[in-house]
Amino acid sequence: DAKTTQPNSMESNEEEPVHLPCNHSTISGTDYIHWYRQLPSQGPEYVIHGLTSNVNNRMASLAIAEDRKSSTLILHRATLRDAAVYYCILRDVSGNQFYFGTGTSLTVIP
Amino acid sequence: EPEVTQTPSHQVTQMGQEVILRCVPISNHLYFYWYRQILGQKVEFLVSFYNNEISEKSEIFDDQFSVERPDGSNFTLKIRSTKLEDSAMYFCASSERGTGYTEAFFGQGTRLTVV
Numbered sequence: 001d002a003k004t005t006q007p008n009s010m011e012s013n014e015e016e017p018v019h020l021p022c023n024h025s026t027i028s029g030t031d032y033i034h035w036y037r038q039l040p041s042q043g044p045e046y047v048i049h050g051l052t053s054n055v056n057n058r059m060a061s062l063a064i065a066e067d068r069k070s071s072t073l074i075l076h077r078a079t080l081r082d083a084a085v086y087y088c089i090l091r092d093v094s095g096n097q098f099y100f101g102t103g104t105s106l107t108v109i110p
Numbered sequence: 001e002p003e004v005t006q007t008p009s010h011q012v013t014q015m016g017q018e019v020i021l022r023c024v025p026i027s028n029h030l031y032f033y034w035y036r037q038i039l040g041q042k043v044e045f046l047v048s049f050y051n052n053e054i055s056e057k058s059e060i061f062d063d064q065f066s067v068e069r070p071d072g073s074n075f076t077l078k079i080r081s082t083k084l085e086d087s088a089m090y091f092c093a094s095s096e097r098g099t100g101y102t103e104a105f106f107g108q109g110t111r112l113t114v115v
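Residue numbers (the numbering used here), protein chains in the order written: chain P, 1 to 110; chain A, 1 to 115.
Same shape as in the complex, but just chain P (with noise of 0.2 Å):
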């Protein structure tokens, strides 16, 4: 799996919109930007996932640059609930497993 790139950590003041960047450089056509959070204690949760376009779900938006060479999860206002573990995960088509990375630690100020 192709590698990807995250700041270690980053902070948000709550009800604030949170960007959490990641870089992917090395990203091949048939790769999916997949993001993943753990809260603390817990198993890793499924966040969104996309190809090329932007996505948008219930939890999250997914900003996908032209290129495919680095993406953003917006979180689009931060919540207390929201302070966890941010992984950005590539999976080719094909693949199987997943490979976590160190991913973002996100801290929500209140």
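To be clear, the hints were calculated from the coordinates, so they are not data collected in a lab.
Treat the hints with care, as some may be off.
[As the list claims (entries may be wrong)] List time: in silico BS3-like cross-link candidates among lysine-lysine, alpha-carbon distance up to 30 Å:
(1) Lys69/P to Lys3/P
(2) Lys57/A to Lys83/A
(3) Lys69/P to Lys42/A
(4) Lys83/A to Lys42/A
(5) Lys83/A to Lys69/P
(6) Lys69/P to Lys78/A
(7) Lys78/A to Lys57/A
(8) Lys57/A to Lys42/A
(9) Lys42/A to Lys78/A
(10) Lys57/A to Lys3/P
We have chain P; now place chain A onto it with these hints.
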């Protein structure tokens, strides 16, 4: 909402003992996975399983580990002779398909402590 369930939530075992970690994947899912997370470290892939066979495994998944789907609902991870370094959170996951455009759903984990 369907979920992956894991039992037990916490298991303490003596070094050298065998342990079986149990998982009930989401019912219509066909692909199953085990991951582990040593305290303070990243989530590591162990094995994926489809159609009653291992489809991929990592170098961590050596001869001490085995997986089984003993019936239509359970998916188990067995560690034959536990070592201190096997102490970790073990996560089971399942997905409907084993493709890059499919999301996986993870259980809450089993904390294994080897003493």
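The hints, checked one at a time:
1. Lys69/P to Lys3/P: holds (11 Å)
2. Lys57/A to Lys83/A: holds (19 Å)
3. Lys69/P to Lys42/A: holds (23 Å)
4. Lys83/A to Lys42/A: At roughly 19 Å apart (the allowed maximum being 30 Å), lysine 42/A and lysine 83/A satisfy the hint.
5. Lys83/A to Lys69/P: violated (41 Å)
6. Lys69/P to Lys78/A: violated (40 Å)
7. Lys78/A to Lys57/A: holds (14 Å)
8. Lys57/A to Lys42/A: holds (17 Å)
9. Lys42/A to Lys78/A: Within the cut-off at roughly 21 Å; holds.
10. Lys57/A to Lys3/P: holds (19 Å)
Of the hints listed earlier, those the structure fails to meet are numbers 5 and 6, in rising order.
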